[in-house]
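K.L.:
Below are the chains, spelled out letter by letter.
Protein chains: 2
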Amino acid sequence: MDEKIIDVEEVMALLEERKFAELRDLLKEANPIDVAQLLGEVPEEKLLLLYRMLPKEDAADIFAEMEHEEQETLIRAFNDREIQEVIAEMYIDDAVDLVEEMPAIVVNKILRHADPETRKEINELLKYPEDSAGSVMTTEYMSLKSDMTVADAFERIRRTADEKEDIYTCYVIDPFRKLQGTVSLKEMFLVPKDTLIEDLMETNIISANTLDDQEQVAKDMAKYNLTTIPIVDQENRLVGIVTVDDAIDVIQEENTEDIEMMAAITPTDKPYISTGFFETYKKRIPWLLLLMISATFTGAIITRYESALGRYVILTAYIPMLMDTGGNAGSQASVSIIRGLSLDEIEFKDIFRIQGKEILVALLCGATLALANFTKLLIFDKVSVVIAAVVCSTLLLTVVVAKFVGCSLPILAKRVGFDPAVMASPFITTIVDAISLIIYFQLASHILSI
Amino acid sequence: MDEKIIDVEEVMALLEERKFAELRDLLKEANPIDVAQLLGEVPEEKLLLLYRMLPKEDAADIFAEMEHEEQETLIRAFNDREIQEVIAEMYIDDAVDLVEEMPAIVVNKILRHADPETRKEINELLKYPEDSAGSVMTTEYMSLKSDMTVADAFERIRRTADEKEDIYTCYVIDPFRKLQGTVSLKEMFLVPKDTLIEDLMETNIISANTLDDQEQVAKDMAKYNLTTIPIVDQENRLVGIVTVDDAIDVIQEENTEDIEMMAAITPTDKPYISTGFFETYKKRIPWLLLLMISATFTGAIITRYESALGRYVILTAYIPMLMDTGGNAGSQASVSIIRGLSLDEIEFKDIFRIQGKEILVALLCGATLALANFTKLLIFDKVSVVIAAVVCSTLLLTVVVAKFVGCSLPILAKRVGFDPAVMASPFITTIVDAISLIIYFQLASHILSI
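Same order as they appear, the protein sequences are chains Y and E.
At position 158 of the first sequence the residue is numbered 158 (my numbering), and the sequence of numbers has no breaks.
At position 433 of the second sequence the residue is numbered 433 (my numbering), and the sequence of numbers has no breaks.
Okay, chain Y solo, but in the shape it has when bound (with noise of 0.2 Å):
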């Protein structure tokens, strides 16, 4: 990387001098992004003073990249004039993401400032469901005519640009704002100036609806290298469009939850470091509760066996191995699995195709963990033929129906409508240790007659 990052120990020890001009120009130097991302780490009775130095062409921009913490403390700081400033500067997408997390007394404050033709447009906003299309999309797109001309069209974005967040792809819409095509920049660039619209425009549109997942929305764009789809109501009428960069966030947001999930978390948006004790606590507790209630059942079964254990207690020594192996295989397939179907490679008519699969991986790996094993037993453990063929045995048995569960249960939570993501290690584990210790204790009863 070649850009200069900003450095907040400069930026203070420049304050502190007030050396003022000198930390204008660093701070009109330096990308919004990281200006944002010094001022989250500033003191916050600060805070207001840096603000105040920023280029007034990126104090928006920045303002918009802050963390929430950081934006409630300069809204509440802010005077008249600043507020109005920073709203009508933002782009529409921002301003509901601001609305959304500030208090409402911050909220009063913004939407009292607001002009009303914006105020209007975040409360149409706001009404979109959470991880909808439309709770992510901006209103600021490039509409176009069809009877213009590829001059109209240049002028028009010439004229309008300015506060439009993307004009590459811009959208064709009828009388009645009904999305006829799309036309981008480039295309027009490459044609004869008195080119009708019309004649230039794709008419079959890649498009979402308002009530679209956000998340099957950015997956459509990344599917199909777009990098701003339109967002329509009910009627097919365009009321806004969802950017790449918005895209990307979402991915990740559902990449992370995803992965809290398959670990027995709650999922939730805020960055772990900036989550509370407390709050970490009550998105963790529940499920460890419920796990360690499921694993009362294997106790259960232990106990079931208790006689025959006192007398081979040498049974007992090989049961993590066994628990954890089956746990592990078990989680190899689910979470194959689970990932298959989060990015649209496994579908439920492959079911019986997987599970063949994961049956013949299943039968190689079980044999090489059984041989592995079954060697180590007779040379070091030195324990008895038939012990270490019920061991092995079980071994086998158990990454066979590991294997089977861990990539059989993600499909069909699927299928009935639940997040595969749950049917991860936890949830395999728990239900492997039980069938594996089954299965132990019942070879064990015939082969050792106990």
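Careful: at least some of the hints might be erroneous.
As the list makes no split between identical chains, a pair holds if one copy fits it or if it spans any two.
Said to hold, decoys possible - Computed list of lysine-lysine pairs in PhoX-like fashion (alpha-carbon distance at most 25 Å, straight line):
no. : residue 1 : residue 2
1   : Lys223    : Lys56
2   : Lys145    : Lys186
3   : Lys164    : Lys186
4   : Lys127    : Lys109
It should be emphasised that the hints constitute simulated quantities derived from the structure, not laboratory data.
Start from chain Y and add chain E according to the hints.
P.N.:
Structure of chain E alone, referenced to chain Y:
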């Protein structure tokens, strides 16, 4: 989604009935990405026939989006003219991807038919290490000179846009190809046409080096909301750009890789569904073996306390619950930290703060679980208060140790240069199992005096 998804059965029916005109129209109307997907589902012997029905202007795009298997089939079947056309029309980065994946004989056929300029560029790009910025960049960017006016720039764009992968961010270079600045097409639209590019360009540029890790480049693009990023060589000469669609692919691949490593699978960039069973076996067995061997230490601990267990077989019944809860508590912490590290939200300097928070969370979780379990042990299992105390104290301590180990190991792994994702559930579980059993038996032997 609004567009018409093309249906494989409809296509095959039209082919069967020899309704070629209708079929051509259908293929023309459909989105190239959907057509590429369709061609992956038709019988191999129909592939070339269908390819030849594609509209000329879309054929190369569709080809670039196809799976490697179908690409190989087609290239083997192509005549000279077809292969020349497709290579000439493809973007350079797609051609490089293709060459990287094909067997030598197919590569020869491709390079023999590429024009000398393209062949040279492909060969240049092939030299960059896998996963480097150089290996994902394209050389088809729009370059400008600083002494051009906006009118000159527009003229140049109009003349050359057709062969550029992106024209919306233009790169200003000096006669030695050193990168001087960037200017967006939008900015050019907003100023008088006689404005000099050097007065308009942004000189504080975010760029990456050809040898930078592609993951870092993709993360920077996401952080700074870029749709393209310039890639420079060691002398700061512009050699290419990475576009946002490729950055999204990199982000998704890296997420898959992290998730696979967390589940103790050797990462691969091949989708699960198209990986053969033997390959899947090879990605999983080393980790299962390694973890199985580690788990035998846990067995050894049990063996050491065998006589004690013989007298208190009831203690065995709680081993699975203790092991599972420890594993789950530890992986909640480790996975949160691994994700935070991967999103650059957590740094090494945060380690003490994180450990403090995790210990607090662990005490709360541990106390809740211990209390729930104590009640259950006395009421349902009807064990003695002493046994319940041993089990529940172990539970509390295990949760604390698990969360402490779980949050620390990923940070330390990253510090010494390992991928923190390895320190997820399977490894944490194995370590925590051993520690929790030692705690269990130590407490038991002191409290029960065995």
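K.L.:
Could you work out which earlier hints the structure fails to respect and list their numbers in ascending sequence?
P.N.:
As far as the earlier hints go, not one is violated by this structure.
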